[in-house]
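Visitor: Assemble the dimeric complex from its two separately framed chains, guided by the hints.
These protein sequences, in sequence, are chains A and B.
So the first sequence is residues 2 to 216, counted in this note's numbering.
So the second sequence is residues 4 to 430, counted in this note's numbering.
None of these hints come from the bench; they were simulated from the model.
Glycine residues also receive a C-beta, built at the ideal position from the N, C-alpha and C atoms.
Honestly, I wouldn't trust all of these hints.
[What the hints assert, rightly or not] 20 Å max Cα-Cα, derived EDC-like pairs, lysine to aspartate or glutamate:
no. : chain 1 : residue 1 : chain 2 : residue 2
1   : B       : 264       : B       : 332
2   : B       : 191       : B       : 219
3   : B       : 264       : A       : 47
4   : B       : 264       : B       : 294
5   : B       : 264       : A       : 102
6   : B       : 191       : B       : 173
[What the hints assert, rightly or not] Some chain B residues flagged as far from chain A (calculated, every beta-carbon gap over 10 Å):
no. : residue
7   : 23
8   : 28
9   : 245
10  : 267
11  : 404
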Amino acid sequence: VADLSGQSLAHLPEEFSRLATVEQLSATVAALEGNGIVCIVAEDGEEARRLVAAQLVEGAEVFNNTSRTLESIGLAEDIEQSGRYQPLRLRLYQMDREMQEHEMRVLASSPDYVVGSVHAVTLDGSLLIASASGSQLGPMVSGAGHVVLVIGSQKIVADIDTGLRRIYEYCLPLEDDRARRAYGMPSAVNNILIINRVVQPGRVTAILVRERLGF
Amino acid sequence: MTMFEYDSRPVTPQVVLIGTRASPVAYAVRDFLTRNGRPYEWIDVDDVRARSIIAEVGDDRSLLPICVLPDGARLAPASVEQVAFGLGMLAPPLQSAYDLAIVGAGPAGLAAAVYGSSEGLATIAVEAVAPGGQAGTTSMIENYLGFPTGISGNELATRAVLQARRFGTEILVARHLARASYEGHDLKLALSDSSEFTARAVLLATGVEWRRLNVEGIDDLLGTNIFYGAGPSEAASCGNARVAIVGGGNSAGQAAVRFSKYAARVTLLVRAESLAASMSQYLLDRITHTENIDVRTCTEIVGLEGDGQLRRLVLSRTVTRDLERLETDALFICIGGTPRSADAVGIGAITDAGGYVVTGYELVEGTVPPKGWTLQRPPLPLETNLPGIFAAGDVRRGSIKRCAAAIGEGAMAVAFVHRRLEELDGG
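Chain B with its partners taken away, still in its complex shape (with noise of 0.2 Å):
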């Protein structure tokens, strides 16, 4: 510990989290709390702080992870939905009506949400996980406007949801859109723990998941040592590990840049020829320059090989089919989105093949509006075929996959959100 830690730690208790690292379930907790920026001290089971708390819980495997609450409480075994209630963040929405509701508080929906808000719109956002989406996740973003030495995507968020919330918008995290209505010309909204509450406009800005890696076996091993994501809260915890990422994209090169402060390797995998065309050239320096970052192109994971948790992948040269065993600690999978638009599907916005919310313009077939669309004036940008809810951010079709653009869109939707609102009070 540095003198500079030593002297700005908590003081006060904070959340103990008790478990197996290898834990799936201890590992959602770490995530979210992580992602949530509540401090955590982890113990792991063997060490000899916990012995105390698991003796008073009861010494059975099946009670892990243990967490300890600021005010005490223990849960045994814990989980997220029941950490994030301990720790009072389930709290229901505060009205009954909004102006506008944001279903998604990634760069998108937030950038709506400071915009809405600071602009005299009642505004809530609802969060599945945490603040910051995607982008939240990443551990240094140089090439964001207006910070010349770079901004972490967690102080980005951190800082947006502050900013959100000074002008007045409620943002309530650990739950999804359930149901979406219409009441007249106002949305009914139901939340996965049943609140609900009404708005006049809506934005769907749930961003992207990680796409799946299709290989044998990995679903049985996800949250042990292998993990979707930049994985923030593990990269302290991988110190002398060997560390694998997959993927050529900027995520994945921002992951390989962190964990290689702390681990002894980095293997970045590649399938590509290169990484040129799929990251920037300052992360591509970057790693060029950092020695423990091995970078291997035209190579793809095979096969997983362990005991419970992954020991080593099995890599194939995608040309000449050649395969190798590579002794891995933990693997981090950044091979790019699927669109999270579950819930727009479920309330019946249309959405191309790739899933993505289709929006504006790209509704419309020459003249003819698309199917069940009542108003006289075609969709407004942003705006998906179900009049009044608009779609911003990575889960909207032809959406640009950057924050910067991200939080365009954001902005921009709230200007349309206007023109409904005119349009309901008749302007």
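Chain A on its own, in the form it takes in the complex (with noise of 0.2 Å):
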């Protein structure tokens, strides 16, 4: 088994990389528009790209969060490159660290798009997102006005328990060795959301993708 960075899988559970089947895909799916949460099932990650342009409003501040998912589809770089939107992470980039910090955390604190992804999705419709800094999670909770998840069908577990089993071992081995390349710093699970039910309609939206997409 190996995932989308060519990297040797060998040493993690298996269970985490292996596709949802259809009925676990189906049940997911009904938890999760049960529990306010709108559900668009696309059968590739090429899919899912149009279906989260879609949702986007041109002109709109989009903040990507840092995804395997979002980069492996492409959808990192419609954001940031397009010029269909405004990508916040360019904005960010670019700010004077000493004298803009005020504006850095009120611009990234409020976009009007979050898309993303999840470390696990679970049969009764909750949502898991472990992050270092996180940053990305007080957008995805309330922040953002809308967020858009795109999550390979792999990530569905069957509880709460097994989707933290999930994050520890499972993504977390993977996420610190890409840190450590790319930033040369390693990953931690400084922070847990678990997003249970959503009581503003129509903001936060899953698109579950019927292939492995990122980890």
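Guide: Pasting the structure below:
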């Protein structure tokens, strides 16, 4: 088994890279909808990419979370390079860390759209997201106007306990390796967000993809 | 790198610039990218990360700076024009005719763009370098209305550009006005990239450029480690450096505060006896309470010493004429402005002895209209001696040199543009 980065996953639990069955996918869609999360099923990454583009309003402030999923299907590039949106990462990156710290926090906290992924989604419709810095969690909970999540269906797990195990036993080793190579620093599960229910109709959209995306 | 940065840097390839820090061309590209809000990664030519790219392009210093664009294309040596083109920033105007053409996208020009386009005028703004003007390079404006904790110049400019574009203004960067002539009552404008369009009214909002410091040898060192302006692209690279800033106004004060966050020592060189008359009190307080800012009043630069780069400033006390040498790693010159009115003069606008564009009632001597004036009415406020061509902001004679005042003039100008358009429509 190998993930999209080509790294060997032999030592990682195989159960967490296995695609969900049709029945598991259907059950998860129904549960997410029941929990106030708009749910769309995409056949593959390419369709997911088109579905996300259809969700985003041109000219809007969009923050793309650090996500192997988004990078692998070209969504990070769509957001940062297409010119169709205001990609907040680019604005933040060129700001003066010393003089504009307040502006950076404000800007990163309340984008029109956050596009990202999750680390696990349960059969009864909960979403689990881990973060080293935690900076992307606030906007997902309430700061962002809309949250669009692209989720490979290998992330479907039985319950929250299994989801937490997926984060520690599967996602963390992979993310840690990625962070060390990309940024020269380790990753850590410093924060975990669990979304059980969304009370604002239409605010969170989950695009479940029938293929393995990200980790 | 902090956790926040870890989570907020772009994840797709950005511009990579490889060169020597002391290269004027590399500085011009860094300044252009910074002021246009285009993120880039600077890699010094001696950094190991530069080796593979240099090897690909050719190990030849004359090919520096090298620019790697997000699509992988290499420019070697890179120039501002090539980088702007490579990033798709030189798109031609979308229309052949506009109601209002604004020359200069500083605070006055951007305000006019927002008001013009929000009121339904087909509006285009042309900017020689980057939107924001001099205010756009200001690190933090703390007394701008409505921002109790302050707003940085570049954030103000970024927001204004987004606002103007949202209302439909077209903004062209990296080109300037080359020619303008009447075509009937309309103006035909030609830009430096040879693109052309017509406009029913024109607003000159070209602002000011930094006044030149008159010291022997300065031209040879510009862009190496001597810079005009607040150097927004340079602050983060001044870690542990000894920085000198010349000037006693708010721009110099804001630059001093910004550099104090990064540099080991900042020396503010001021010719006057005190900063009190020329700098806002809040900045003065900030400077007084910042340990690594040293203010030297009654001091001027009379010489530069170096070896291809500035190493020492020769300072003179204005009263005693005592000389002193100051070890300096970077010098930033913020000594006020001279009007950027060459475009205006080129099309026949009247300027005063200082080069500022004369407008409105100041053009009328008694009841005598300006030479060549063909209309029955006198020039409108902010209108130049050329009917339908207005001026606003720092380039205009009599303007108050404040960001908020320039924004006010930009808004005012649109009101008078409407009056001019009604006149043309026979209203």
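Visitor: Please go over all the hints and tell whether each is borne out by the structure.
Guide: Status of the hints after comparison with the structure:
1. Straight-line distance between C-alpha atoms of residue 264 (chain B) and residue 332 (chain B) comes to about 16 Å, which keeps the hinted pair within the 20 Å bound.
2. Of the supplied pair hints, the one linking residue 191 (chain B) and residue 219 (chain B) is violated, its CA atoms being roughly 42 Å apart against a limit of 20 Å.
3. Of the supplied pair hints, the one linking residue 264 (chain B) and residue 47 (chain A) is violated, its CA atoms being roughly 46 Å apart against a limit of 20 Å.
4. About 11 Å separates the Cα atoms of residue 264 (chain B) and residue 294 (chain B), which keeps this hinted pair within 20 Å; it holds.
5. Under the criterion of a C-alpha separation no larger than 20 Å, the hint pairing residue 264 (chain B) with residue 102 (chain A) is consistent with the structure, at around 12 Å.
6. Only pairs whose Cα atoms come within 20 Å are accepted, and residue 191 (chain B) paired with residue 173 (chain B) is accepted, the gap being roughly 17 Å.
7. Every beta carbon of chain A lies more than 10 Å from that of residue 23 (chain B), the smallest distance being close to 22 Å; the non-interface claim holds.
8. Taking the minimum C-beta to C-beta distance to chain A, about 20 Å, the non-interface status of residue 28 (chain B) holds against the 10 Å cut.
9. Every C-beta of chain A lies more than 10 Å from that of residue 245 (chain B), the closest at about 18 Å, which supports listing it as non-interface.
10. Interface exclusion of residue 267 (chain B) from chain A stands, the closest Cβ pair being 14 Å apart, more than 10 Å.
11. With a cut of 10 Å on Cβ distances, residue 404 (chain B) stays outside the contact zone with chain A, its closest approach being about 22 Å.
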